[in-house]
Amino acid sequence: MNRTVLSLVLLTSLLAFAAGCGKPKTTEPSNSGTTPGATKSDNASLSGNITIEGSSTVEPISNRAKEKFNGSFPNVNISVSGQGTGNGFKALGAKECDVSDASRPIKQKELDVCEAAGINFYEVPVAYDGLTIVVNKENDFVNELTVEQLKQIFREDTAAKTWKEINDAWPDKQIAIYAPGIASGTHDYFVEVIGKKDGKGLRADEQTMLSEDDKALVTGVKGDKFAIGFFGFSYYDANKDELKAVSIVNPASSKAVAPSMASIESGEYAPFSRPLFIYVNSESYQRAEVKEFVDYYLDNIVDIVKDASYVPLPADVYASAKAHIVKDLSGSHYLDSEGNKRDGAVTEVYVEENLPE
Amino acid sequence: MKDPINEPREYRNDARRKMFSSSFSVTCLLVSSLAIVVLATLLLSIFSTGGGWLSAEMLTASHRENNPEESGIGQAIIGSLVICTICGLAALPIGVGTAIFLEEFKPKNRFLRMLHGLVQLNINNLAGVPSIVYGILGLTAFVYMFGAFSPIRVNDQPDYEIGATYSYQTKTLGGNYVRFPATPKIQPFFEIKQPRQVSSSEGQPFKLNVVSATTDAAEYKDKLEETVILGTKAELTSHNGVESYTTQTLGGTTVFFKAEPTYSQFAKILEPLMVSDPEGNTFELNVLSKSDAIPTNPEVLSKSVFADSPDPTKRSSASIFRENSFFHMHLPFSKSVLSAGLTLALVILPIVIIASQEAIRGVPQTLREAAFGMGATRWQVVRSAVLPSAIPGIMTGAILAMSRAVGEAAPLLAVMGGVLGTTNHLSSLMDKTPVLPVTIFKWAGDENQGFEHLAAAAIIVLLAFLLLMNSVAIFIRYRYEKKLA
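If you're matching them up, the sequences are chains U and Z in order. Under the working numbering, think of the first position of the first sequence as 1, with each following residue one higher. Under the working numbering, think of the first position of the second sequence as 1, with each following residue one higher.
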């Protein structure tokens with residue numbers, strides 16, 4: 001009797017294993033049509049494996065690119081994993097991935113690792129991620145904020161207690177702050193704008209609630225009339241009926257601009273929009289399947305980015321990205337020869353002159 | 001001192017004492033029902049959020065970005081099942097073996113007894129270690145194998161590998177891809193990318209260091225004779241009658257190492273060759289030179305390519321790709337299903353051992369004595385008397401441990417990464433796969449509200465899975481444990 005149990009258990013495990021090891025392939029329905037000049041069966045003749053790792057912010061874009069690409073090229077096996085930008089660059093430097101997703105440009109240290117391992121990469125900006133500052137729907141006094149006012153509210157050295165301290169016309173009520181936690185790229189990016197130059201970070205007092213979970217931030221701001229918070233634009237877009245976005249005064253034009261797909265794309269919504277990147281190992285790019293994938297990614301980038309609810313970059317940025325790849329120009333635009341980071345709009349920084357020799 | 005027995009009756013059954021007693025039982029009831037209420041609320045909220053999203057499509061489809069209606073957990077279910085199976089197959093024999101050693105083979109030697117005690121102590125402590133710690137251990141032990149083998153990297157073939165077929169593919173002028181088999185060859189050049197064992201012209205073996213061009217020269221100025229720049233090309237030559245690669249170090253010494261046949265990452269197409277399409281039709285590839293007239297017939301175009309430049313510095317048009325058979329394996333295991341399963345086996349091993357020990361301890365001593373009395377050796381006693389009676393208990397413990405393993409997300413994130421979906425279904429143990437807990441974790445944080453419902457639906461599936469495993473455990477215990485009593 002005991003033997004029966006044992007064999008039963010073994011049999012079930014074997015069956016489960018056999019079921020897992022079958023080889024059925026999912027062919028995703030194509031919703032993009034096929035590339036011109038090649039029929040669907042022609043595309044099916046391409047095989048291979050592509051590994052993508054990196055930022056969880058960029059992951060949805062790469063996932064969408066994978067789905068669309070597999071719609072036309074069903075036999076290229078792609079795995080996308082989102083473990084954070086830093087881990088993505090680590091994987092790039094260790095040759096563990098063909099493409100690395102990144103929500104910030106590569107740092108000098110990470111570049112050194114790649115160089116030491118003899119790895120060259122193409123830096124490709126794929127989308128804008130707008131950071132949105134939100135308040136409660138019932139908040140009728142805050143409509144726009146300047147960067148200076150944001151510094152007063154969010155920085156650790158100023159850390160305003162009440163709204164009245166920012167503007168005399170505003171109520172004498174405590175400000176409740178909901179912000180992404182320190183492991184988040186959004187947190188880093190916000191700090192970079194409001195205080196990195198002066199070596200100041202985000203306040204962390206009893207008025208501040210930090211959370212890695214964007215949902216908790218939405219709930220927090222929703223539940224308190226005197227709350228303020230920030231997160232990625234796409235997250236605001238998904239919850240825009242329940243929150244109110246604050247217009248930000250563009251430091252260059254002094255005009256208050258509300259965050260929207262259009263204002264982020266045009267660059268008017270500044271300084272809270274950042275570019276997202278993919279980094280392609282240039283040796284991998286010589287492989288047929290990686291070349292087809294990256295070319296397809298860039299050819300369909302506007303659709304892919306919009307499907308993933310991000311904002312596309314200006315068309316000439318994509319054009320120069322394509323040109324850089326064709327000319328085999330590798331390296332980062334964001335680091336000068338001394339290893340200092342270049343700041344500025346992607347349209348200004350992402351130019352050929354900024355590439356290393 | 002008052003004597004309670006001899007107290008008057010009314011004192012002994014004092015109403016206060018009774019009230020205290022009954023209020024205590026009410027408190028106990030409240031506390032225990034609190035747990036039930038929390039559980040019920042949890043279940044209710046999960047069912048109300050996710051119940052409506054359960055469907056046959058949801059159980060079979062894979063993740064679709066920003067599209068919860070068409071997303072599903074098909075790949076994740078298979079992934080979880082496979083990982084759970086690997087975990088069980090690895091943890092069960094080792095766990096039961098250890099338990100038998102600890103319970104039945106107690107050493108008499110003083111030193112061995114100390115070792116025995118140490119193992120027991122460790123196991124008891126390990127059962128409480130958080131699973132993410134095992135994840136990091138698995139990363140070192142299985143994914144990178146302590147650096148004993150050269151790591152698995154894109155654009156390099158693993159040193160130790162079975163079950164992989166390599167082919168080159170190239171795009172024809174018609175836009176389709178054709179392939180031809182790759183054979184490992186001794187390449188005319190060898191690019192030195194990592195440190196390796198070499199020998200000098202006198203035959204003295206030593207390790208060749210590799211530094212990048214950007215490394216500070218001061219760091220290796222003492223050992224120029226043993227150092228080359230990363231990417232240095234070694235040429236093919238004959239050294240003592242053996243085909244070898246040779247190159248000069250920064251210090252000017254000539255070094256040799258044996259030439260092994262390898263796959264080249266890219267292949268040049270210079271003359272016509274036999275190729276095939278994925279359906280297996282073979283035909284000869286026309287190789288045109290740039291000056292040739294381009295054929296207009298699409299049929300001919302789909303079988304023609306331009307010849308590559310013979311210049312070795314120019315790019316080649318054919319690149320290598322790998323097809324895995326179901327038994328594809330390489331060392332180290334890298335981030336794969338096998339690493340994940342083995343890591344989970346580490347997580348549950350202490351639990352399996354402790355449960356098996358309990359089961360073995362539960363076997364009546366008289367049974368062993370009877371077997372010994374009949375002249376059985378210790379091993380025979382274990383095999384024919386102890387194990388058969390202990391198996392139900394062991395299986396119960398093992399199944400409960402596996403139901404813990406199937407719900408673990410943290411160690412899997414460490415050893416496999418947070419994969420939501422792959423193009424193909426799992427085809428070998430070296431693939432990555434989505435699993436239920438990781439999928440739930442990623443969906444719950446997705447900005448698309450629909451995925452919240454889908455995550456709840458996936459939780460229902462996971463709960464059903466756990467419930468099933470636990471009832472199997474209960475069934476086994478109920479059905480087979482009675483016999484011993």
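Careful: at least some of the hints might be erroneous.
Simulated crosslink set (DSS-like; lysine-lysine; CA at most 27 Å straight-line) [to be verified]:
1. Z:Lys268 <-> U:Lys322
2. U:Lys197 <-> U:Lys137
3. U:Lys109 <-> Z:Lys171
4. Z:Lys223 <-> U:Lys322
5. U:Lys327 <-> Z:Lys223
6. U:Lys225 <-> U:Lys137
Covered stretches of chain Z, as calculated for chain U (at least 3 residues, CB under 8 Å) [as the list claims (entries may be wrong)]:
7. 17 to 26
8. 45 to 55
9. 131 to 144
10. 250 to 261
11. 347 to 356
12. 419 to 430
Please keep in mind that the hints were generated in silico from the structure rather than gathered at the bench. Each residue gets a CB set at the ideal place from its N, CA and C atoms; glycine is no exception.
- Measure nothing beyond the straight line between the CA atoms of Z:Lys268 and U:Lys322; if it is 27 Å or shorter, mark the hint as holding. Measuring from Cα to Cα gives roughly 25 Å; hence the hint holds.
- Item | Given coverage of the segment 419 to 430 of chain Z by chain U, checked by CB-CB distance under 8 Å (3 or more) | holds (count 10)
- Query: Does the structure keep U:Lys197 and U:Lys137 at a Cα separation of 27 Å or less?
  - Reply: violated, 33 Å
- Outcome, coverage hint (the segment 131 to 144 of chain Z, chain U; C-beta under 8 Å; three residues): With 0 residues close enough to chain U, the hint is violated.
- 27 Å limit on alpha-carbon distance, applied to hinted pair U:Lys225 and U:Lys137: holds, 8 Å
- Message: What's the verdict on Z:Lys223 and U:Lys322, does the C-alpha distance respect the 27 Å limit or exceed it?
- Response: Distance of about 43 Å is beyond 27 Å: violated.
- Count the residues of the segment 347 to 356 of chain Z whose CB lies closer than 8 Å to any CB of chain U, then report whether that count reaches three. violated (count 0)
- Message: Can you confirm whether the C-alpha distance between U:Lys109 and Z:Lys171 stays at or below 27 Å?
- Response: violated, 38 Å
- Three or more residues of the segment 45 to 55 of chain Z near chain U by CB distance under 8 Å? violated (count 0)
- Examine the segment 17 to 26 of chain Z for residues whose CB is less than 8 Å from any CB of chain U, and state whether their number is three or more. violated (count 0)
- Message: Is the coverage entry for the segment 250 to 261 of chain Z by chain U consistent with the three-residue Cβ rule at 8 Å?
- Response: violated (count 0)
- Query: Do the alpha carbons of U:Lys327 and Z:Lys223 lie within 27 Å of each other, as the hint requires?
  - Reply: With Cα atoms ~38 Å apart, U:Lys327 and Z:Lys223 exceed 27 Å; violated.
Violated hints, listed in ascending order, are 2, 3, 4, 5, 7, 8, 9, 10, 11; each of the other numbered hints is respected by the structure.
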